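J.: Single-letter residue listing:
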Amino acid sequence: MYCIINGETIHLPAHVRTVAQLLHHFHIHKKIAIVEINMHIVPKEDYEHTAIADGDRIEIVHFVGGG
Amino acid sequence: MLQIGPYTFHSRLLLGTGKFPNIDIQKEAVEASGAQILTFAVRRMNIFAPDQPNFLEKIDVTKYKLLPNTAGAKTAEEAVRIARLAKASGLCDMVKVEVIGCDQTLLPDPVETLKATEMLLEEGFIVLPYTSDDVVLAKRLQQLGCHAIMPGASPIGSGQGIINPLNIQFIIEQATVPVIIDAGIGGPADAALAMELGADGVLLNTAVASAKDPVKMAKAMKLAIEAGRLGYEAGRIPKKRYAIASSPIEGMSVVS
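Here the protein sequences line up with chains A and B, keeping their order.
Here this note's numbering is used: the first residue of the first sequence is 7, the next is one more, and so on.
Here this note's numbering is used: the first residue of the second sequence is 16, the next is one more, and so on.
In case anyone wonders, no lab produced these hints; they're calculated from the structure.
Mixed in with the good hints, there may be bad ones.
[What the hints assert, rightly or not] Covered stretches of chain B (in silico footprint by chain A; criterion: 3 or more residues with CB under 8 angstroms from a CB of chain A, positions within the stretch not fixed): (1) 48-61; (2) 88-102; (3) 211-223.
In this text, all values refer to a predicted model and were calculated from it rather than measured experimentally.
By construction, the Cβ of each residue, glycine as well, lies at the ideal position given by its N, Cα and C atoms.
Next comes chain B alone, as it looks inside the complex (with noise of 0.2 angstroms):
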């Protein structure tokens, strides 16, 4: 079970909802992942448009923990300003701290990431923050009393998977909080490893949204993260150097 904050999931996926072909697919991408937390951006309204499709208003939302991000903030107190939005809806009491510090990389800004963490604690939020793999900063936001680390795997979106293990290893092993892997997922194995190498949970969204068949891909990440828990839990061989073989050496002569 992960457990953020006051609330328990039984899925350790978290989807996000961008870039999805169409409402229909998304719904049952959203299905087929098993995901109990789904990540939203907050937007202007086009007012002019009211009968545009919105995905929030197809799905039953009493079925999901929505996680608002508060995606296009540069500074702390943006960020806090999108968080109170989304507060408002009376739908969601956490929050995803995303405060981007590089237009080209989308890397998170360490300082006001840290910042923003501070006053939404303050504020009673439910707080993950998107940080890099950096065990310092995922050190001080604890101090914080933040509820989750979530540092990338790689830059969002770019689908190269976790480019410094050692690094999120080194994260896993001092939190106190559950760390869950977010950004840079590209297929199921990346996943799988994120969870075998001792991540509490995932979140990902382009690899499914953006994949030929996000429905299938929705459910091949169910498997790959449930897989990869439970190898984690089973405690995977140490790698060796040589050879050893699996059949027994007695009994050999009927070959020699």
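Only chain A is shown next, with the shape it has when bound in the complex (with noise of 0.2 angstroms):
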């Protein structure tokens, strides 16, 4: 499936259908992050269950240094 994440189209594998997934798949489980679909801020007790679709438009965001 094709998403749309940080702007760009991203082929992901069958294997990833979910939030919790899609982390892992970047490695990025571990990090601070922040994660939209589609407009929608998805609460991190629903990685797990939280599934993505094909022309998903994933936003993953995190802390960066700012004044």
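Both chains are sitting in their own frames, so use the hints and assemble them into the complex.
T.: As structure tokens, then:
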């Protein structure tokens, strides 16, 4: 399936079906990250059972240095 | 003590975390500054570089209050979206509203700032809006119930110091919430002046991060803010036009 992640169209293998699996896939599951799917924030406790679908617009953001 | 919403801080220095030469220097500078509130920005993660160092992961986040900003937002709606993302991290409930209205000066958009502040207060955030040095806008933000007012001293990152001390004083005199001077501080003297004028705190970033020795400058800022505050509490003498001798007039005959 294809999703738009952080503005880029990215192909995801078939076994990546949930937010938790998505974060594992990119090795960022231990990072402080916030996930938004189609403009809706996904609470951390929902990562395991929140499905991702073909064409989803996903934002994965984090904190960076700023003033 | 600095009181912002339900939180109390003994440090009156709020430190930004951008533009430091590297994470080790940054950690040391944060330590030297004594700051208890650190600001951050919310940005897209580079998912193809998961091993990139992130400052937040190198510090004990329980020791600090995180103050995410909404930098990058140009409308109230964008600011609210960024603030919600930050809060969803579960690490913070404070937000610095920053809605830029002019790319060259990076001055805040007063209308969108007011709107964003109102929306975020309704959602239960502890809201600290970055504003221009406009006393009327400061009043309007206060009326909404924001938890601090953060007027800029001069344009962000410009290091020009306080270009309109009169306006800053107007804001401080009428304030019913803490006033934190945010943006434009160049050196310790600027920070001390802000505190002498009666500000409750100073938020700065570039002045420390881009100094030749950020760690030393962090300490200098800490001391300047403490000195300025002490001076304010002590009450400075009024300025006079002519000299008034410090030594007594009596007993002058020894030299005449």
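J.: Please go over all the hints and tell whether each is borne out by the structure.
T.: Hint check results:
1. 48-61: holds (count 7)
2. 88-102: holds (count 4)
3. 211-223: Three-residue rule met by the region 211-223 of chain B, so holds; n is 4.
Going down the numbered hints, you'll see the structure goes against none, and every one checks out.
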